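Could you build all of it, start to finish, from the sequences and the hints given here?
Residue numbers (the numbering used here), protein chains in the order written: chain A, 1 to 114; chain B, 115 to 226.
Bear in mind the hints are in silico, worked out from the structure with no lab data behind them. Quick caveat: nothing in here was measured; it's all calculated off a predicted structure. From the three backbone atoms N, C-alpha and C, an ideal C-beta is built for every residue, glycine too. Just so you know, not all the hints are guaranteed correct.
Here are some chain B residues pointing at chain A (derived, C-beta under 10 Å) [unchecked claim]:
no., residue
1, Gln151
2, Ser162
3, Phe204
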Amino acid sequence: GESVGLHLPTLSVQEGDNSIINCAYSNSASDYFIWYKQESGKGPQFIIDIRSNMDKRQGQRVTVLLNKTVKHLSLQIAATQPGDSAVYFCAERGSGGGADGLTFGKGTHLIIQP
Amino acid sequence: AAGVIQSPRHLIKEKRETATLKCYPIPRHDTVYWYQQGPGQDPQFLISFYEKMQSDKGSIPDRFSAQQFSDYHSELNMSSLELGDSALYFCASSQSRGNEQYFGPGTRLTVT
Numbered sequence: 001g002e003s004v005g006l007h008l009p010t011l012s013v014q015e016g017d018n019s020i021i022n023c024a025y026s027n028s029a030s031d032y033f034i035w036y037k038q039e040s041g042k043g044p045q046f047i048i049d050i051r052s053n054m055d056k057r058q059g060q061r062v063t064v065l066l067n068k069t070v071k072h073l074s075l076q077i078a079a080t081q082p083g084d085s086a087v088y089f090c091a092e093r094g095s096g097g098g099a100d101g102l103t104f105g106k107g108t109h110l111i112i113q114p
Numbered sequence: 115a116a117g118v119i120q121s122p123r124h125l126i127k128e129k130r131e132t133a134t135l136k137c138y139p140i141p142r143h144d145t146v147y148w149y150q151q152g153p154g155q156d157p158q159f160l161i162s163f164y165e166k167m168q169s170d171k172g173s174i175p176d177r178f179s180a181q182q183f184s185d186y187h188s189e190l191n192m193s194s195l196e197l198g199d200s201a202l203y204f205c206a207s208s209q210s211r212g213n214e215q216y217f218g219p220g221t222r223l224t225v226t
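Here it is, written out as structure tokens:
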């Protein structure tokens with residue numbers, strides 16, 4: 001079946017460094033992609049989104065890149081801070097019109113080392 | 115800013131019992147979504163409602179049902195609970211379909 005997945009379960013970076021979290025998706029019909037951050041015991045928190053007609057979008061300290069050719073999504077976090085420690089999920093939504101539930105990938109646990 | 119409210123935050127039930135989870139969307143949001151997240155798992159979409167009508171259906175078991183009321187709050191009814199139903203249940207809301215989904219803090223359901 002269609003799925004969204006992440007390459008690494010855990011990513012450890014030094015505080016102040018940049019981090020890159022990757023995601024591969026398989027549904028070529030997906031038209032909307034989102035990155036969520038989830039802290040322990042809390043609900044997913046929206047970080048940034050991108051639509052399929054774009055290949056890059058920037059936010060505050062975050063950048064999402066979309067490569068539709070290889071069906072790859074990445075989240076770049078600049079100058080990581082201790083508060084960035086969390087599990088990060090990519091999610092996608094199909095373009096089937098009415099299919100508005102999100103399909104989440106496996107999370108990546110980002111650990112910020114002091 | 116107002117967020118999605120879920121109640122209760124924690125719930126303990128025994129096998130074969132029933133449970134009702136409630137979700138109050140952000141004001142002026144007309145779409146609600148329900149997700150289930152097992153331990154160490156990614157959230158799985160269950161069902162969604164737009165303007166009080168079911169909009170999309172995911173992997174919701176037949177033992178579960180849900181509805182959205184006239185004030186846009188939603189309830190997830192779970193019957194014949196099984197041990198495997200123990201999970202975090204998140205509700206999300208959006209302003210119309212297809213827009214950014216904001217998640218609530220979740221209800222942790224434990225079935226013993």
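These are the hints, each one checked on the structure:
no., hint, result
1, Gln151, "holds, 9 Å"
2, Ser162, "holds, 6 Å"
3, Phe204, "holds, 5 Å"
Taken one by one, the earlier hints all hold for this structure without exception.
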